[in-house]
Amino acid sequence: MGNDPKVSVIIAVYNASKHLRECLDSVINQTLKEIEIICVNDGSKDDSLDILREYEAKDDRVIVIDKENGGAGSARNKGLEIAKGEYLSFLDADDFFDEKMLENAYDKAKAAQADIMVFGSDQYRDDLNEFKKVNWVIRAKEIPNYRPMNQRQFTDNIFKVFVGWAWDKLFRAEFIRENDITFQEIRTSNDMRFVFLAIALAKRIEVDTDIYAHQRRDDPSSLSNTREKSWDCFHEALNSLKEKLIEHGMFDEVKQDYINYTLHASLWNLTTIKGEKQEVLYNKLRDDWFDEFGINAHDESYFYNKSEYSQYKAVRRMTFKEWTLYNKARKEAKKILSKKPFRRILKGGN
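Our numbering puts the first residue of the sequence shown at 26, with every later residue one more than the last.
Don't read these hints as lab results, they were simulated from the structure.
Since this is a predicted model, take the numbers as computed values, not measurements.
Careful, some of the hints might be misleading.
DSS-like cross-link-like pairs, simulated, lysine-lysine; straight-line CA separation at most 25 angstroms [what the hints assert, rightly or not]:
#1 K254 with K92
#2 K157 with K135
#3 K302 with K254
#4 K299 with K346
#5 K280 with K302
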């Protein structure tokens with residue numbers, strides 16, 4: 026390409042042949058044509074590399090890098106090394122974009138001179154062949170009406186206004202490089218540090234709630250469904266985020282938000298993980314990590330979400346077996362109280 030592209034799309038690919046063509050077609054057919062598509066094959070054992078070479082041969086915007094397996098963070102960093110675009114986009118190899126995504130997002134990012142452009146997304150239920158709304162990916166009530174903005178204008182925890190994944194955002198490449206923002210090379214949660222550090226440092230953030238990205242769900246082979254193999258990655262990611270915030274002189278400013286988020290992330294990981302690692306994680310949180318994160322040093326008034334604080338206190342005082350029985354009883358009670366006669370009684374009816 027003679028001129029540098031407007032957007033570099035970086036796609037980490039690992040054993041993704043089942044959905045890879047749909048992903049690539051959604052990028053190649055974008056209405057914005059001045060793009061480069063950097064596909065990093067991360068040691069795939071299926072025919073993903075053959076598919077990438079096929080697309081590389083028929084479209085000169087496609088650049089294929091073949092490397093040994095190192096995880097999505099490693100693959101994205103490899104793409105970052107050669108990216109020439111003014112803005113950076115990251116897409117998982119089983120997800121796909123609306124065909125107008127890059128054009129609309131780029132135009133709005135340029136108009137706002139944004140360091141980060143956040144856009145709406147939904148989930149594609151692969152098992153049901155239908156799209157599902159996910160209103161929690163952008164907490165619109167916590168951001169101001171005026172644009173552009175930065176984290177100081179958010180009205181709630183800066184680490185919860187947007188989800189800490191990279192594929193529903195554009196990042197200004199110069200901003201990323203100036204601040205030496207990279208992906209962690211860990212199995213899961215590898216984009217948490219990248220996204221949240223960028224949000225903390227960005228001077229100008231733009232938002233478009235229209236849905237442009239589609240995340241594929243319910244693939245049993247996906248990382249999100251095998252998190253027990255990397256049950257401690259979120260802990261590593263949170264610690265690394267803190268180190269980077271300290272390096273940039275930002276930690277004291279966002280400390281309360283950070284500690285609140287560590288509690289949220291800890292409880293989410295604990296309640297969603299499956300298998301024997303759940304008990305391992307429970308004990309690590311209770312015995313070590315709650316203290317390491319700084320959660321133990323504060324009373325209830327320090328925490329924004331009182332329900333999460335109550336859950337934390339339950340973990341502190343119970344054994345894993347007691348906590349498991351307690352949660353089972355809570356779920357059963359909630360199920361019973363949700364039935365029609367009880368709903369009527371709770372609302373004050375006869």
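*Compare the distance between the alpha carbons of K299 and K346 with 25 angstroms, and conclude whether the hinted pair is satisfied.*
holds (15 angstroms)
*Between K302 and K254, is the straight-line Cα distance small enough, at 25 angstroms or below?*
holds (8 angstroms)
*asked:* So if I understand the rule, the pair passes when the alpha-carbon distance is 25 angstroms or less; does K254 with K92 pass?
replied: Holds: K254 and K92 sit about 22 angstroms apart, inside 25 angstroms.
_Restraint status (C-alpha distance of K157 to K135 at most 25 angstroms)_ = violated (30 angstroms)
_Distance restraint between K280 and K302, which requires alpha-carbon spacing of 25 angstroms or less_ = Cα-Cα ~29 angstroms, so violated.
In terms of the numbered hints stated before, the structure departs from hints 2 and 5, listed from lowest to highest.
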